[in-house]
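Residue numbers (numbering that gives the first Met the number 0): 0 to 862.
Source of the hints: derived by calculation from the structure; they are not laboratory data. Any given hint could be a false lead.
[What the hints assert, rightly or not] With beta-carbon atoms standing in for the labels, derived distance ranges: (1) S624 to D280: 47 to 55 Å; (2) R440 to C192: 43 to 51 Å; (3) D662 to R852: 27 to 35 Å; (4) R463 to G83: 43 to 51 Å; (5) S626 to S303: 30 to 38 Å.
Just so it is clear, CB atoms sit at the ideal spot from N, CA and C, and this is done for glycine as well.
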Amino acid sequence: MSQTSPPDTAAPAEGGGYDAYAIQQKWQARWAEADPFRAGGDTDTRPRKYVLGMFPYPSGDLHMGHAESYAYVDVVARFWRHRGYNVLNPIGWDSFGLPAENAAIQRGADPGEWTYANIAQHKKSFRAYGSSYDWSRILHTSDPEYYRWNQWLFQRLYERGLAYRKESPVNWCPNDQTVLANEQVVDGRCERCGTEVVKKKLTQWYFKITDYADRLLDDLNQLEGFWPQKVIRMQRNWIGRSVGADIDFGIEGHEGTVTVFSTRPDTLHGATFFVVAPDSDLAAELAAGSSAEVRMRFQDYLESVGRETDIERQSTDRPKTGVFLERYAINPINGERLPIWAADYVLADYGHGAVMAVPAHDQRDLDFARAFDLPVKVVVDTTAPVTGAIPVIELDESGVPIDPGADEAALAALDPAKTGIALTGEGRMINSGSLDGLSKRNAIARIIDQLAALGAGRASKSYRLRDWLISRQRFWGTPIPMIHTADDRIVPVPDDQLPLTLPDVQGLDLTPKGTSPLGGAAEWMQTTDPETGEPALRDPDTMDTFVDSSWYFLRFLSPGDPDKAFSTQLADRWAPVDSYIGGVEHAILHLLYARFITKVLFDMGLVDFTEPFTSLVNQGMVLLSGSKMSKSKGNLVEFASSMIDPGADAVRVAIAFAGPVEDDIHWEDVSTTGAQKFLARAWRVVKDITSAPDVIWAEGDQALRRVTHRVLADAPGLIEQTKFNVVVARLMELVNATRKTIDSGAGPADPAVREAAEATAMILDLFAPHTAEEMWEILGYRPFVGLVTWRTPDPTLLVEESVTAVVQVDGKVRATLEVPTRIDGAELERIARADDRVLRALAGREIARAVVRPPKVVSFTTR
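With these hints in hand, go ahead and build the complete structure from the sequences.
Take a look at the structure:
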C-alpha cells in the first residue's frame with residue numbers, strides 16, 4: 000500500500016486539457032497562503048540542510064541566466080526536503096552598488112526607489128517560478144537594519160588592526176569615477192562598465208586580508224572534492240604565495256635600507272642593476288635627488304606610466320622602458336654598486352615595489368638589460384648536473400665562460416646576453432664565491448644564513464594577494480563609520496550611534512566626479528568628535544558592496560534581530576552553508592572575501608567554522624547569440640514573460656534537461672516546447688488512472704514496478720552529483736513506460752501504474768513543482784507533494800534481470816554464463832576469462848584475440 004498522506008476528500012480536477020498557466024496560478028496562491036517551505040524552528044528534530052543561491056542584484060527584471068541558477072537552487076532544496084531534512088532556503092537582494100546609482104543618474108531618480116521597484120519585480124518573478132523559499136527571511140543589503148551591521152563589522156576589524164587607511168596608487172575607473180579593487184579589474188578594464196582602468200594616487204580604506212593569506216591558501220585543502228577544482232585553482236593562483244628571502248639593500252645618499260623580496264636569493268651575486276616602480280614613493284624620492292634633466296625625464300615617464308594598466312605593464316611581449324635615476328644601490332653580499340632604474344614592469348603594490356635585477360636568470364630583467372646595454376652575469380650553470388661531479392667553469396669579466404674545449408653551441412647556450420634567453424633552469428652555482436658548486440636549494444639556505452649574519456636579510460614569503468581596498472567614491476553604499484577630527488585623528492562612530500544612515504538624496508549631485516557625493520551633503524558631513532565634543536567631519540566614502548555579501552549568509556539566520564548581526568547559537572545550528580550555488584564569475588571576488596570574513600569571525604569566537612560554504616556548485620552560463628545574457632549587452636530573454644507560455648514548469652524542465660549543470664547553455668537550443676509536451680503527457684497519465692489510493696502496489700505489473708523502483712533508487716545519487724539532466728531523462732522514460740502499461744494489459748487500473756505515477760509526481764516536484772502538485776491532487780492526496788518523504792525503493796525490484804552469455808574458444812562453445820543484462824564488455828570478458836571451463840579449454844594457450852558483444856557473446860581465438 001502507498002506510503003503517503005491520507006487521501007483528500009475533495010474530488011480530483013476534471014475536464015479540460017493541461018493548462019500550465021492556470022495550474023501555476025492555482026498552486027502559487029496555495030503556497031502563498033500556507034507558506035509550506037518555511038524552515039522549522041527549535042522544536043524541529045529533523046537533520047538540517049542550509050541551501051543557498053548567490054543572491055541577485057536588482058538591476059531590472061531577472062533573465063534566463065538567473066532562471067538557470069535559481070532552478071538548480073530549488074532542485075537541491077526540494078530534494079533535501081523529500082529526503083527528510085529541515086531545509087533553510089532563503090532569498091535576499093544585494094541591493095547597494097553602482098548599477099542602481101548609474102540608473103538613478105540617467106533617470107534623475109532616487110537610487111533607492113529604482114532598487115526597491117526592481118526588487119518587487121524580482122519577488123513576483125520568483126513566486127511565479129515556483130521557488131520554494133522561506134519568505135520569512137528576506138533581506139536587502141541597502142536596508143539600514145542590514146548595513147548597520149556592515150558598519151559594526153568594520154569597527155570590529157578596525158579594533159583588530161584589520162581596517163586601516165593609507166595613500167597608494169589605486170585602480171581608477173574614469174567612467175564610474177570610483178576606485179576598484181584589483182579583483183574588480185578584468186583584462187585591464189572595469190568589470191562593471193568595461194572602461195579602461197588607470198592608476199591614481201588616493202588615500203583609501205583597506206581591509207588587511209593579507210594577514211590571512213596563509214590560512215586562505217592552506218584551508219583550500221578542506222574544500223578539495225567539495226568545490227570545483229577550477230575555483231580552488233583560481234583562488235590558489237590569486238593568493239600566489241612565493242617563498243624566498245627579504246634582502247636589504249643600502250642606497251648611496253639614502254638613509255636606511257630598501258628591502259627586496261626574491262624567490263631566488265641564491266642568484267644575488269648575479270645582480271647587475273636595481274629597479275624601482277616609477278609610481279612608488281621610493282622612485283619619487285630618489286629622482287628628487289638627481290639632476291634636473293633626470294627629474295624632468297622621470298616626471299614625463301611617470302605620467303606615461305599612469306596611463307598604463309597593470310596588465311600592460313607586466314606584459315612580456317612589449318618593449319622595455321625606463322629611466323636611469325643616477326643613483327646606486329649596494330649589494331649587501333659583495334658591496335657592488337648597482338645602477339638604479341625606474342621601470343614600469345615593476346609594480347608599486349607588489350612585493351616591496353623594488354627588485355634586484357639578475358638578467359642572466361630572469362627573462363624580464365634580461366630583456367631590460369639588453370634594451371639598455373646593461374651587464375649580464377651568469378651565476379648558475381644550467382648545464383651542470385645537480386648531483387654527482389661538479390664541473391668547474393671559469394668566466395671572464397663579462398660573464399662569458401672560458402672553456403677552450405667547449406664548442407660554440409655550448410658557449411652560446413650559456414650566454415644570455417647573446418641569445419636573449421634567460422637561464423632559468425636548475426644547475427650548480429658559479430661565480431658566486433662560497434656558493435660555487437651548490438645546488439639551488441642548498442645555495443638558498445646558505446645565502447639566507449649569510450644575509451642573516453650580516454643583518455641584511457631573512458627568510459620570507461610574498462603573496463600576489465593585495466589588501467582589500469573597500470573605499471568607494473559613490474553614494475549608494477554603506478557609509479564608512481569613521482570620523483575625522485579637527486586635530487587630524489580618525490576615530491570610529493560609537494556603536495550606539497549605528498546605523499550611520501545615508502542622507503536624503505534630494506539636493507545631492509550624484510554625477511561621478513572623482514569624489515564621493517556624500518561630501519556634498521554639508522549637513523550630513525558635520526558631526527562631533529565623540530571624545531572631545533568638538534566639531535568634526537564624517538568620512539565621505541562608502542564601502543565596496545562585496546562587504547555586504549561577505550557575511551549575508553549569516554544574517555539570513557536571524558534577519559530581523561535588532562541587537563546583533565547574527566545569532567551565534569543559530570550559526571552553530573545551521574552554518575556553514577551545506578550547498579552554495581551560483582556563477583563561476585565569483586570564483587575570486589565574492590568567495591575570497593566571504594572566506595576572509597568568516598575566518599575573522601572565527602577568531603572573534605562568533606562562529607565555530609573557518610569556511611563559509613561546505614559545497615559549491617557553479618552553473619554554466621546561458622548564452623544568446625553566442626554571448627552571455629546581459630542587460631548591458633541587450634541580449635536578454637526576460638524571466639517573467641517567458642513563464643506565461645509555455646509556463647514556468649516547462650522553462651525549469653527545459654533548463655534542467657539542457658545539459659550538465661556546469662556546461663554553458665545556448666538558449667536557442669533549449670526546447671521549452673518539448674518540455675511542455677512532456678509535462679502534458681505526465682499529467683494525462685495521472686488523469687487516466689482509475690485505481691484508488693489504497694491499491695496494493697505489489698499486485699501490479701512487475702516490469703513497470705522495476706522501472707519505477709530503479710528511478711527511485713538512482714535519482715538521489717544523480718541529484719547529489721548535480722546530474723539533473725539525467726534525472727529528467729529517467730523521468731521521461733518512466734512516463735513512457737507508464738503510458739505503455741496503461742495502453743496494454745491491465746490498463747489504467749493496474750496498481751503499478753498508480754505507483755509509477757505517484758513516484759513521477761514526487762520526483763517531478765524537483766523540476767516542475769506546479770504540475771507535480773496538480774498531479775498529486777488528482778491522484779487523491781492532500782497538498783503538498785513537496786513535503787512528501789522520498790519513497791524507499793524495494794531492493795527485490797532492483798535485482799538485475801539476467802541473460803545467458805555464450806563463451807566460445809576457437810569457435811566452439813565451452814561455457815555459458817548467467818550475467819546481468821546491463822553488464823559492460825570489460826566485465827563480461829573478465830568473468831569469461833576466469834571461468835574454470837574456459838580455462839580448461841584454453842589449456843594454457845595464449846588468447847590472441849577476444850571478441851566481446853555484451854551481454855550475450857564472448858569469443859576467444861588462441862595461438
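Please flag the earlier hints that this structure goes against, numbers listed from lowest up.
The structure breaks none of the hints.
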